[in-house]
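2 protein chains.
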Amino acid sequence: MTYCVGIQLDDGIIMVADTRTNAGVDNIATFRKLYLFQRPGERVFMISTSGNLATSQRVLSILKERIEIDDEDNLFNVPKMFHAAELIGNTMTDIVARHQAAAKSSRVDFTSHFLLSGQIAGQEPELYHIYGEGNFIQATRDTPFFQIGESKYGKPILDRVIRCETPLNQAMKCALISFDSTMHSNLSVGMPLDLAIYRKDSFEVKLERLEVNDSYFSKLRTAWGGGLLQVFEQLP
Amino acid sequence: MTYCVGIQLDDGIIMVADTRTNAGVDNIATFRKLYLFQRPGERVFMISTSGNLATSQRVLSILKERIEIDDEDNLFNVPKMFHAAELIGNTMTDIVARHQAAAKSSRVDFTSHFLLSGQIAGQEPELYHIYGEGNFIQATRDTPFFQIGESKYGKPILDRVIRCETPLNQAMKCALISFDSTMHSNLSVGMPLDLAIYRKDSFEVKLERLEVNDSYFSKLRTAWGGGLLQVFEQLP
Numbered sequence: 001m002t003y004c005v006g007i008q009l010d011d012g013i014i015m016v017a018d019t020r021t022n023a024g025v026d027n028i029a030t031f032r033k034l035y036l037f038q039r040p041g042e043r044v045f046m047i048s049t050s051g052n053l054a055t056s057q058r059v060l061s062i063l064k065e066r067i068e069i070d071d072e073d074n075l076f077n078v079p080k081m082f083h084a085a086e087l088i089g090n091t092m093t094d095i096v097a098r099h100q101a102a103a104k105s106s107r108v109d110f111t112s113h114f115l116l117s118g119q120i121a122g123q124e125p126e127l128y129h130i131y132g133e134g135n136f137i138q139a140t141r142d143t144p145f146f147q148i149g150e151s152k153y154g155k156p157i158l159d160r161v162i163r164c165e166t167p168l169n170q171a172m173k174c175a176l177i178s179f180d181s182t183m184h185s186n187l188s189v190g191m192p193l194d195l196a197i198y199r200k201d202s203f204e205v206k207l208e209r210l211e212v213n214d215s216y217f218s219k220l221r222t223a224w225g226g227g228l229l230q231v232f233e234q235l236p
Numbered sequence: 001m002t003y004c005v006g007i008q009l010d011d012g013i014i015m016v017a018d019t020r021t022n023a024g025v026d027n028i029a030t031f032r033k034l035y036l037f038q039r040p041g042e043r044v045f046m047i048s049t050s051g052n053l054a055t056s057q058r059v060l061s062i063l064k065e066r067i068e069i070d071d072e073d074n075l076f077n078v079p080k081m082f083h084a085a086e087l088i089g090n091t092m093t094d095i096v097a098r099h100q101a102a103a104k105s106s107r108v109d110f111t112s113h114f115l116l117s118g119q120i121a122g123q124e125p126e127l128y129h130i131y132g133e134g135n136f137i138q139a140t141r142d143t144p145f146f147q148i149g150e151s152k153y154g155k156p157i158l159d160r161v162i163r164c165e166t167p168l169n170q171a172m173k174c175a176l177i178s179f180d181s182t183m184h185s186n187l188s189v190g191m192p193l194d195l196a197i198y199r200k201d202s203f204e205v206k207l208e209r210l211e212v213n214d215s216y217f218s219k220l221r222t223a224w225g226g227g228l229l230q231v232f233e234q235l236p
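Sequence lines, in order, name chains A and B.
Under our numbering, the first residue of the first sequence is numbered 1, with each subsequent residue one higher.
Under our numbering, the first residue of the second sequence is numbered 1, with each subsequent residue one higher.
The reader is advised that the hints may include incorrect statements.
[Unchecked claim] Capping the alpha-carbon separation at 20 Å, the derived lysine to any residue pairs in SDA-like fashion look like this:
| id | chain 1 | residue 1 | chain 2 | residue 2 |
| --- | --- | --- | --- | --- |
| 1 | A | K173 | B | E204 |
| 2 | B | K80 | B | Q234 |
| 3 | A | K173 | B | V231 |
| 4 | A | K173 | B | Q38 |
| 5 | B | K206 | B | Q38 |
| 6 | A | K173 | B | K80 |
| 7 | B | K219 | A | K219 |
| 8 | A | K173 | B | Q230 |
| 9 | A | K219 | B | L229 |
| 10 | A | K219 | B | F232 |
| 11 | A | K173 | B | L168 |
| 12 | A | K173 | B | D94 |
| 13 | A | K219 | B | E42 |
| 14 | B | K219 | A | N135 |
| 15 | A | K219 | B | V231 |
| 16 | A | K219 | B | L235 |
| 17 | B | K219 | A | K80 |
| 18 | A | K219 | B | Q38 |
| 19 | B | K219 | A | R199 |
| 20 | A | K173 | B | F110 |
| 21 | B | K104 | B | D94 |
| 22 | A | K173 | B | P236 |
| 23 | A | K219 | B | E204 |
| 24 | B | K219 | A | F232 |
| 25 | A | K200 | A | I28 |
| 26 | A | K173 | A | Y216 |
| 27 | B | K206 | B | D94 |
| 28 | A | K80 | A | I28 |
| 29 | B | K219 | A | L220 |
| 30 | B | K219 | A | V231 |
| 31 | A | K219 | B | K200 |
| 32 | A | K173 | A | L220 |
| 33 | B | K219 | A | P40 |
| 34 | A | K173 | B | L235 |
| 35 | A | K219 | B | R160 |
| 36 | A | K80 | A | Y216 |
| 37 | B | K219 | A | K173 |
| 38 | B | K200 | B | M172 |
| 39 | A | K173 | B | K104 |
No wet-lab data here; the hints were simulated from the structure.
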């Protein structure tokens, strides 16, 4: 399983992804699921993935290659964010169609989900959720965050806290708590975590990895767990 | 959808169930999903259900009828709690098999899930989760609660709070918060809520219904939501 969150705020964008993949509980591995494409000062894209790892890695390889060979459709020349979403969706559906044709009777699900966020100079930052069928939706002020993968355990705290006006650092804290709740309840989501923070109009992404024993995250988890129990005990 | 929780504690048992059923979002209704069978001073059973409503209602009707006609297998003469779980499981699989045979090509899922808890005089209180296939598991000191239906949103708080030693009233509060989180995130779980509190060896169940505007529940929700945000704001 996987868990990824993308949040679009007035101040910018937050993306967090775990790094655990599993095919059954006895086949667990660590893979990066948060990718960055940037052309300093001009455009920046953050992409996180869930679902079939072979498909999502292939999509990312193709996206990279298209930039390298300066293909007519590549992330560095699409005029708008939604063209980037379309490019990802189409690249995926091509791959999925090929695998499905090759493995007719197999019941493997070849689809992946993507969160795409970023900004192109002169335009607003945007966040998209690209479905396994290649179609996509865009975050709005009413619904400023998307989740992919194991999303339910971590949704209540996002529902309560996240608004467009939430500052970047508060939103990051909230995303980390959402991951804490998810990892507490589902073994198939695990550390380390990849974090991306993007301040609007900066065209520069701060990318960090929280390792298993990260001292800030440990402090945050303890403070949150303890605080919750305290609130609980003071309830009427 | 549905959400039901059963908790087995040193002091007794808590069961909570919502009352919303839906077949699509435009076909929503209120149905009781928490049932009580008791013979004062001698035995008590609490049963909650999720899944196919036709199946679970039919199971309950048969369980009642078997008591009325004093069938050789009925809830009031089973010697142990696990026989009651077996009775429910077998009753369900009979019904499911009949419907599946009649509707061969249909993809309807006829199965239900049940939580069964209670106590028979001279024995300990017990809690069971009966699966759609009729088999079942029993709660233990390590895993003192079960959920059926839309369980993920409400699981983190139960994971954090519930231990065998938790007092009954604290466990009930925790269950209500778990419902609050679930109803916040999933429209198909809804008020009113049915609550059952059973104190060990009392052979008497306190059954209550929390209506939509219940003042205590509103207070609890507000205090919890406010407290959460406060803890959040004080995080490092």
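What are the numbers of the hints the structure violates, in ascending order?
1, 2, 4, 6, 7, 11, 12, 13, 14, 17, 18, 19, 20, 23, 25, 27, 28, 29, 31, 33, 36, 37 and 39
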